[in-house]
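**Student:** Sequences and hints are given; from them, build the entire structure.
Those protein sequences? They're chains A, B and C, same order as listed. Per our numbering, the first sequence runs over residues 28 to 217. Per our numbering, the second sequence runs over residues 2 to 298. Per our numbering, the third sequence runs over residues 11 to 442.
What the hints contain is simulated information worked out from the structure, not anything from laboratory work. Don't take each hint at face value.
Stated by the list, open to error - Looking from chain A toward chain C, a few residues come up when the C-beta cut is under 10 Å (computed): (1) ALA49; (2) GLY52; (3) LEU56; (4) TRP58; (5) VAL61; (6) GLN63; (7) ALA74; (8) ARG94; (9) ILE154; (10) ILE161; (11) PRO198.
Ideal Cβ positions, reconstructed from N, Cα and C, are used throughout, including at glycine.
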Amino acid sequence: MATDVEDPQRRDFLIIAGNAFAAVGAASLIWPFVQQMNPDAGAKALASIEVDLSPIKVGQAITVMWRGKPVFIRHRTQEEIDAAKKVPLTDLPDEAARNDNIAADAAATDENRTLPGHENWLVMVGICTHLGCIPKGQSLSDTKGDFGGWFCPCHGSHYDTAGRIRKGPAPRNLEVPTYDFVSDTKIKIG
Amino acid sequence: MKTLMSNTLRAAGMLAAVLATSAVMTGPGNAAGGEPIHIEREDWSFGGFFGHFDRPQLRRGFQVYKDVCAACHGLSRVYFRNLAEPGGPMFDEASVQALAKDWPNQITDGPNDEGNMFQRPAKLSDPIHGPYKNEQEARFVNNGAYPPDLSNIIKARTIENHDAWYAHVFKMGRDILTGYQEAGADYVHALLVGYTDPPSGFELSEGMHYNKAFPGHQIAMNPPIPPEGAVEYQENAGAKSSLEQNARDVTAFLAWASDPSLESRKRIGWQVMLYLLVTTVLLYIAKHRIWARVKKR
Amino acid sequence: MAQHESTYVPKSATARWWDERLPLMRLLHDSFVDYPTPRNLNYLWTFGGILSFCLVAQILTGIVLAMHYQPSAAEAFNSVEHIRRNVNYGWMIRNFHAVGASMFFIAVYIHIFRGLYYGSYKAPREILWILGVLIFLVMMATAFMGYALPWGQMSFWGVTVITNLFSSLDGIFPGLGTAIVEWLWGGYAVTGTTLNRFFSLHYLLPFVIAGLVVLHVWALHVAGQNNPTGLDIKTKSDAVPMHPYATSKDLLWMFIFLIMFAWFVFFLPDYLGHADNYIEANPLVTPPHIVPEWYFLPFYAILRAIPDKLGGVIAMFAAIAILVFIPWLDTSRVRSTKYRPIYKWFFWLFAFSCLALGYLGSKPAEGVYVFWARIFTFYYFAHFLLVMPIVGILETPKKLPRSITDAVLGGKGDGSGGAAKPKGAAAAPESR
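**Tutor:** Here you go:
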């Protein structure tokens, strides 16, 4: 038997405040539970790396790992640079440079894909902008696609010798990460 | 009016269904481009429902692996003890023990009392290691190419299907009914016997070899087995050494290496099948008995 | 059913004692023993039971595998090889679990298409249907995360491709997609961290499915089972007690299903998987063709049919989400397609489209394959958004039998005349 009380549903300020405090506490617990899934301190600590370029001969390429992603570094031949320079911007599916070192709206000219004075070095994140596969073209025996650069085997995206998308489903040019020349033969990525 | 509309709609539905069927019928074919590589299906003793390994063949195959492949390829998910276990080559334990002791790629153990790692001969409980410490060393020694570990190679390879869709569907049904699981073995066999001179006009990169079965046809591995065979089989081995015979034997051995439980799997499979069939028949009869009561109502 | 009176009689003093405190046996008796089942259910109705079996089998084999499996990037592949090669009967349990995922999806697709054909989503079974769609969705998530666990090449690259889909949200709000993807990954790429959380969720979600299944069965028992005529149970002679009638049929077909299951487990264990998954995951080498498991192929084809990345992702999720709305998109007065002379054709065209999309999903996204994927994607959506509402209004259904009993016993007086007579229903339970 319930005791007879007057209006058990009546709310006064303290009851509302008490409930609200409890709710806020419960809600703020969500924050650590969501945050724990984000990249941890160890992953963040590997945010930047230095790479020595001196062993890479003209025409060769190496792949280094940066933040768990492969970074392509190609020492381009003069023919490859010339081929990339000849392409009119209107032939490019993506006309933005996608170079984190310069303005976001810069055009995708060959100059804007490299750093000034170092146009023989092409440094890019080697992850296809379509669905994240790694394009072929780093080793000499790889198929390099229709434009002599890289070819993504997953869904058939072709990149040219400046890492720009030319054909296939990828929406953007390969991303150029933030990097700088520490000396003539050494770069720092990130 | 409404009937007319319905009839028109029905006709449209039928037409669409028929069109769709016939259209795909004449459809894709070979849009993927590139000339498809044809790989012959071989007759394996371990294929099909009653398949089991041919023990003398596994022993010959191990000899080929040891004398040829092991120069570059590891087999590190297989343990020496496996070579003596039922379902495999079933060498006697003493000879496997001796084999392990003399295996050139020793086991890194330790640390010892002074805190250092050391090398020691392999025991029955150790894996069959290849010559390289890791992928980097393997690539460095082999000019950038990587000789993969062969433990899983038969399961890790397959034959690409290039058939038109109707042939594909037909083949799928046939393969399911006949229990075809030997695509990897067929491929590895075809690769081992697939070295030829490149066709005229084919541009072969330096250090590469032409192979009919390899995707892209350029393979870094030297032709491992000469036409007359790479190893000398013993008198009582059950076969004469030749390229074809060596390739078949080592493929069979590697098939066992990637699937050591094959024989017990198929044996238990038939026992389970028999049980299921008998039970199904009984349940069928039971169901009829039970439903017969309903009919009379 | 709501009007169904409890017929449970406790047979012993203990049972009576128990029944007064927790009437669990009463609940089970009324739901699964004396529960009235339409007498004309055909074998397609046995897949509910088969699916329950699949769920239990997956959970049991999964728990056992987790005793040997190690969810880390360094050890995951090795531990699966260890299970395969060293653990007693490990190969069998692993085959059972891996093949079981495929069998689960075969059964669920038959179950879904049965529901679509016989209009099992129509009132009053909307909630039942929507719960089914939810189960399907959670199943897909579970299967996707489970496929990551062996940490082979296809595991790794499948996860990379599919999680990357969320980065398309950058198109809506810059940075949003990247933030979500990094949050899912717990890093800047798919790593062991990702594997670890997938394992945790893969272990959890089957129990979420089990919970949803309880709701699904509850909803089923409130509305009652649909049947091939789509008619409701009206008289006592329309129904039979679930036990032993429906259960005997369920058990028979479960064993027939098990024959196929065992066929794959013992003779074709790798047929439904990918050879590439026997190569350990390598973040620096992409396999030549990245293909999801067969049960995702139709949705993968829809994803790739749309030229725009974000659009493709939206279309793929819409292809599942649209199922929620079909109870209201279907305007037909009758439930069962058997009595729908026009819609029948469209139904089979739809089924064909799904198969075709599955085939196209396994092919590279180029040339004529893309063309056909677009055609069938169009039809997939048109079927729900155009055909279902329009045909339902325009079509004149065939005359329905007067009752389920009439349909079974070939009772006359429905006036539908020779050819239109629902022969299938008459033949349904006894002759199969």
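**Student:** All hints are to be evaluated individually against the structure, with a verdict given for each.
**Tutor:** To see whether the hints hold, each was checked on the structure:
1. ALA49: For ALA49/A, the interface hint is violated, since the closest Cβ of chain C sits about 26 Å away, which is over 10 Å.
2. GLY52: Violated - the Cβ of GLY52/A stays beyond 10 Å from chain C, reaching only about 24 Å at its closest.
3. LEU56: violated (18 Å)
4. TRP58: violated (13 Å)
5. VAL61: This hint holds: VAL61/A lies near chain C, its Cβ roughly 8 Å from the closest one there, short of 10 Å.
6. GLN63: Since chain C brings a Cβ to about 9 Å from GLN63/A, closer than 10 Å, the hint holds.
7. ALA74: Result: holds, 9 Å to nearest chain C Cβ.
8. ARG94: For ARG94/A, the interface hint holds, since the closest Cβ of chain C sits about 4 Å away, which is under 10 Å.
9. ILE154: Holds. Min distance 8 Å.
10. ILE161: Result: holds, 5 Å to nearest chain C Cβ.
11. PRO198: holds (6 Å)
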